[in-house]
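Engineer: Chain residues, written in single-letter form:
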Amino acid sequence: MKSKRRWYKEVYRPVTERHPERDYPFKTLSDIEVEPVYTHEDLTDFDPEEELGYPGQYPFTRGVQASMYRGRLWTMRMFAGFGTAEQTNKRFRALLDAGQTGLSTAFDLPTLMGYDSDHPMSRGEVGKCGVAVSSLADMEVLFAGIDPAKVTTSMTINSPANAIWAMYLAMAQRKGASWDSVGGTIQNDILKEFIAQKEYIFPPKPSVKLVIDTFEWGPKNVPRWNFISVSGYHIREAGSTAVQELAFTLYNGIHYVQQALERGIAIDDFAPRISFFFNVHNDFFEEIAKFRAARRIWARQMRERFGATNEKSWMLRTHAQTAGVSLAAQQPLVNIARVAVQALAGVLGGTNSLHTDAFDEALALPTEEAAKVALRTQQVIAYETGVGHTVDPLAGSYYLEHLTDEMERRCLAYFDQIDAIGGVEAAIETGFFAHEIGEASYRQQREIDRRERFVVGVNSFVEEHPEIPLQLVDSEVQRVQLERLERVRRERDSHRVDGALAALREAAVDGRNTMPAFLEAAHALCTLGEQMDVLRNVYGVYEEPVTI
Amino acid sequence: MSKKMRVLIAKPGLDGHDRGAKVVARALRDAGIEVIYTGLRQTSEMIVRAAIQEDVDAVGLSVLSGAHMHYFREVIDGLRAKGADDIVLFGGGIIPDQDIGALKAMGVLAVFTPGASTQEIVDFLHKVVAQN
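Chains as they are written, first to last, in the working numbering: chain R, 1 to 548; chain V, 1001 to 1132.
Treat the hints as calculated values from the structure; they're not laboratory data. Where a beta carbon is used, it is the ideal one built from N, C-alpha and C, also for glycine. Fair warning: there could be bad hints in the mix.
Claimed, not checked - DEER-style ranges, computed between Cβ atoms:
| no. | chain 1 | residue 1 | chain 2 | residue 2 | range |
| --- | --- | --- | --- | --- | --- |
| 1 | V | R1029 | R | G145 | 46 to 54 Å |
| 2 | R | K27 | V | E1034 | 28 to 36 Å |
| 3 | V | R1029 | R | A266 | 26 to 34 Å |
| 4 | V | E1034 | R | T101 | 50 to 58 Å |
| 5 | R | F26 | V | A1031 | 48 to 56 Å |
| 6 | R | V546 | V | Q1131 | 26 to 34 Å |
| 7 | R | V546 | V | G1101 | 26 to 34 Å |
| 8 | V | R1080 | R | K175 | 46 to 54 Å |
| 9 | R | V546 | V | D1085 | 20 to 28 Å |
| 10 | V | Q1098 | R | T547 | 46 to 54 Å |
| 11 | R | R409 | V | D1097 | 53 to 61 Å |
| 12 | V | M1046 | R | R490 | 55 to 63 Å |
| 13 | V | Q1131 | R | A94 | 48 to 56 Å |
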């Protein structure tokens, strides 16, 4: 008899008959059953050389760099943006002064949806959940006093990504920074918008075409730029499980790769600059397993399926953010503990960059104080805990390796399922993702409502919560922003504007790469709304079917 | 109540975060309430029109973008202008405490923030719609 089986029979069962297990679901947030103990018997087919390799080596399960955090700590990159470009610039500088090592820009909803601040749909939304950027003039204020050759900047922008990236690059040019020296990331992952966050403008096909324009143009012109951050974060925030987040994100990544190959771009010309972005949620080990599985699956897909030969093409480099959806409005200071544990999971999972949520984010945008506590949480993990002293310290844990295998297995099963539907676009159109995520999020909510799972301060240990000071966006924002926009429209060369917009239209109609036209439009001070209107006319707009 | 309660769940404005709206819509439906979900990107006028056409007892707005003061004001004014101010207005999202006070003063009967249970929302609706 196997020893684990004997232990269950002779030791565990007699004990639990006398003292029963707690009445609590022993399963991960992805519904993977968790056994009381794991042993080498759970890893019978496990070949560490093949499944793990060494840090910095295929299949990169243990991390993409050989030295990982012994060489360089992860980038501490806090997502920030609110109000006017002036206000966000001030927050950026405060974060850099506090020891942050990279910037990450949150845009307001009108910008994310390709509307200028003075568009009727923008009323009430300007500067509310991010900073408003309607033209190069706003971009220049946003990065005033910040050297784009020294600080890397990530921009969370999707449907209008090409235009916003062009504005950033035009800003860098006007500061005299060479594009060879400019590094950063645009999120530019439109597929997860259709699947989860819903900030799309155009239908899927032309939307993906715009993304592939950056795959083609980016490496040749801005070699240090990550022109995409394939994002599971929003899929998870929409209520998916960790397994779904992993599977849908990697499948999206594969779809972009296939589209780029179809355009005739060689895999090793673009793949090294594909980056990723995952959520780090509450289920500690499952999250660590997710990151490790993601690297292994991606490496295998890139090498074995797509024949990439450059090692950098095999590496899944990723940003991570703690789970906003896990934060509670009740007893908000408790969120600091949640964020710390999630951040630790991200680090043990080998993330390359990290944002930690502020404790007040279930109530409003973070105050400077709350954002600083979140950054300090990363610094405590980095400098005080010693977890980065050795690479992938949990490797070889029976439980973790079992979970990592399980994440991979379930992820590949989803790949087959989506293949059978006919790929990502078909799965979007048939509502497959909406259904899968809807089921998962509803199940999670029911478990909390029925107190099958406990959430501290929400359905257990409940008490009246004290009020905390919040970041408020003042009404001056709209006025300052509209004044600048009006000045831009008044003072720019309208002849150059017309020419730039006509060229953009032509590039879109002819199916050529749109990036050169976006660059000229940025320099000509065309507004974001004007540029997106040109494309709305050419491509049409997308509306999703309404389902609950 | 002889008639089944009807509730409109609406997503005003540009915000695409629909997890909360959909979870609430499903929970209300499972609790025997008839639910109409507007889908995304609704203007306040569209929401008011849908509320009247669908003859609902209550309208719930889900706003996570920070633009809640703007949209609740527009919807409440719109309902009043159409003589439909008997329709219960409630909502949820990322909404600071001090704004909840202002929204209640405006006539929004309840605001549910992250961590609220769907049962609370069901109970609230049964209570206030019965009173109406």
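Engineer: Do V546/R and D1085/V keep their Cβ atoms within the hinted range of 20 to 28 Å?
Structural biologist: Between V546/R and D1085/V, where Cβ atoms are some 26 Å apart, the hint holds.
Engineer: Lying within 26 to 34 Å: is that true of the beta-carbon distance V546/R to Q1131/V?
Structural biologist: 30 Å, holds
Engineer: Starting from the hint 55 to 63 Å, judge whether the C-beta atoms of M1046/V and R490/R obey it.
Structural biologist: 33 Å, violated
Engineer: Please check whether Q1131/V and A94/R have a Cβ separation lying inside 48 to 56 Å.
Structural biologist: 49 Å, holds
Engineer: Holds or violated: the 48 to 56 Å window for the beta-carbon distance between F26/R and A1031/V?
Structural biologist: This hint is violated: roughly 29 Å between Cβ atoms.
Engineer: Per the hint of 28 to 36 Å, is the separation of the Cβ atoms of K27/R and E1034/V within bounds?
Structural biologist: The hint (28 to 36 Å, Cβ to Cβ) holds, given that K27/R and E1034/V are roughly 34 Å apart.
Engineer: Return holds or violated for the Cβ distance of R1080/V and K175/R against the range 46 to 54 Å.
Structural biologist: Cβ of R1080/V to Cβ of K175/R: about 52 Å, so the range 46 to 54 Å holds.
Engineer: Kindly confirm whether 50 to 58 Å is satisfied by the beta carbon distance between E1034/V and T101/R.
Structural biologist: At 53 Å between Cβs, range holds.
Engineer: Do the Cβ positions of R1029/V and A266/R conform to the proposed distance bound of 26 to 34 Å?
Structural biologist: 51 Å, violated
Engineer: If you check the beta carbons of R409/R and D1097/V, does the distance land in 53 to 61 Å?
Structural biologist: 45 Å, violated
Engineer: Does the beta carbon distance between Q1098/V and T547/R stay inside 46 to 54 Å, or does it fall outside?
Structural biologist: Given range 46 to 54 Å: violated, Cβ gap about 35 Å.
Engineer: Just to be sure I understand the hint, the distance between the Cβ atoms of R1029/V and G145/R should be within 46 to 54 Å; is that true here?
Structural biologist: Holds, at about 53 Å.
Checked against the numbered hints given earlier, this structure breaks hints 3, 5, 10, 11, 12; the rest are met.
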